[in-house]
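Asks: What follows is the residue order along each chain.
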Amino acid sequence: MLASVLVANRGEIALRVIRTARRMGIAAIAVYSEADADLPFVRAADDSVLLGPAAPARSYLDGAAVLAAARQAGAQAIHPGYGFLAENAGFAASVIEAGLTWVGPPPSAIEQMGDKISARNLVEHAGVPVSVGTRQAVPDVVAALAEAERIGYPVMIKSAAGGGGIGMSAAADPEQLQAGFATARSRAERFFGSPAILLERFLAAARHVEVQILGLADGTVVGLGERDCSVQRRHQKVAEETPSPGVGPQLRSRMLAAAIAAGQAVGYRGAGTVEFLVDEPAQQFVFLEMNTRLQVEHPITELVTGIDLVEQQFRIAAGEQVSFDPATVASRGHAIELRVYAEDPRRFLPSPGTIGDWAEPAGPGIRVDAGYAAGNTVTPFYDPLLAKLCVHGADRAQALERARAAVAAFTITGLKTNLPFHAELLASSEFISGAYDTSIVDRILAS
Amino acid sequence: MAEVRAEMVANVWKIVAAAGDTVADGDTLVILESMKMEIPVLAEGGGTVARLAVAEGDVIQEGDLIAVIE
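Taken in sequence, the protein lines are chains A and B.
In terms of this note's numbering, the first sequence opens at residue 1 and continues consecutively.
In terms of this note's numbering, the second sequence opens at residue 448 and continues consecutively.
It should be emphasised that the hints constitute simulated quantities derived from the structure, not laboratory data.
All residues carry an ideal CB built from backbone N, CA and C; glycine is no exception.
Incorrect hints may appear among the rest.
Said to hold, decoys possible - Pair by pair, the computed Cβ-Cβ distance ranges are: (1) B/V463 to A/G164: 53 to 63 angstroms; (2) A/Q178 to B/E485: 15 to 25 angstroms; (3) A/G333 to B/E450: 50 to 60 angstroms; (4) A/T377 to B/V463: 38 to 48 angstroms; (5) B/A465 to A/R135: 14 to 24 angstroms; (6) B/V463 to A/A257: 41 to 51 angstroms; (7) A/L349 to B/T495: 25 to 35 angstroms; (8) B/E485 to A/A327: 23 to 33 angstroms; (9) A/T377 to B/P487: 45 to 55 angstroms; (10) B/A465 to A/R23: 55 to 65 angstroms.
Assemble the whole structure, with the sequences as input and the hints as a guide.
Replies: Here it is as structure tokens:
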């Protein structure tokens, strides 16, 4: 097994990776920016190295600084978490070139899946269903109008190199397309350094469901069930659950097979997630994208399978066998994750500030992955995720009941959080029924 | 005269309006960035931009003056 790992991330995910590393006897090295010096993940590590100023470009996104920190601390491996450098193929390659172990997929897999257009073409070739869309980058608005005519409105406009819903919008007609195309392009250049845009047929009333895969050291790819991520605001996930209330056994097995085929097509190793849009009434699905890293919402898969996914990432990176028998993985009960954000619960506007009280819920089936504690300052430099409140129950009804009690028992003062929104979500008849889609948040806010 | 103030800690990403511009209710004055989100600051009521108190790249605190509209 690895002797030491540098965790190239911050907040809750850094802390979560550090915990598993230390449990496995792997020395954990944290890196941090000047803004994060007082956060729990820095203290939880065996060693820590200051990367630089608060701005991500000068700290967590600075690959050279992270590699220098790894050398300074004598780290044997680098775990990227999610976001920042996790899906940067060039960084992954430089880690490997430096003689370190990269706790992630091969750089070639990151590269092929990182471009949404090449990913689409690749998985389609592997027999995975894709939506009607563009097969190459749309160069200008004239081409976009012609492509949209061919695909048929409404269309979704996306950055090929993008993620996190940034710059994404749906267009119902040519006028909306022209506006959306211009916005998507400027955001794509600014956030992702590439102006490439793709268009896809937009499925209204769809569910967003993803499959967790693990590419093992021997090259086999296993599927570990799905997660329903349809509760979104601004195309970003707010709550997730597994199993998906909208996926029947037959559809589930077809989606798992498609996700495994996608993973095999890129020679995948380690933890990855294949995202699909699901047309629930038709029980059909199309490929959306593949995330070549640990997913934010991975804990709900861990709760129902009993498998520590970060442990498997370390084992696979070290060339070892996983800790479970892939032939006998069973899913038990139901799990829900609620993302607790520092934002106001109505308009979802950011709310940085200093945390006064911080009291987490506890009890049977409750898991809290937090990045902050009482007295910490939440700065405007990074995403607003404060904690992930996860609950596990014997069935969906029990998971919902535990989630309601846990939300009520979670106290965070000093800044606005979206906990009141989660209380509304868990009380909404649409969410309780399980028959919801990606527009559920808009409907809850309107009611 | 109306003062436009920041609702939260943020970075000033883009200045859209300039001093002397005539703006209508709801026009974007500047775009802030906080927690990986762009937040447009809008004119509440029309008028002339008498003063812009921020520059691109500034870090502003909750309550800081952004613009004055007359």
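Asks: So, for every hint listed, does it hold in this structure?
Replies: Hints versus structure:
1. The hinted range of 53 to 63 angstroms is not satisfied by B/V463 and A/G164, whose Cβ atoms lie roughly 24 angstroms apart.
2. For A/Q178 and B/E485, the hinted distance range of 15 to 25 angstroms is satisfied, since their beta carbons lie about 20 angstroms from each other.
3. One distance hint, 50 to 60 angstroms for the beta-carbon pair A/G333 and B/E450, holds here, with the actual separation near 54 angstroms.
4. The hinted range of 38 to 48 angstroms is not satisfied by A/T377 and B/V463, whose Cβ atoms lie roughly 29 angstroms apart.
5. For B/A465 and A/R135, the hinted distance range of 14 to 24 angstroms is not satisfied, since their beta carbons lie about 43 angstroms from each other.
6. Remark: the range hint 41 to 51 angstroms for B/V463 to A/A257 is upheld by a beta-carbon distance near 50 angstroms.
7. Between A/L349 and B/T495 the beta carbons are some 27 angstroms apart, a value that agrees with the proposed interval 25 to 35 angstroms.
8. The beta-carbon spacing between B/E485 and A/A327, approximately 48 angstroms, falls outside the hinted interval of 23 to 33 angstroms.
9. At about 25 angstroms, the CB distance of A/T377 to B/P487 disagrees with the hint of 45 to 55 angstroms.
10. For B/A465 and A/R23, the Cβ-Cβ distance of about 57 angstroms falls inside the hinted range of 55 to 65 angstroms, so the restraint holds.
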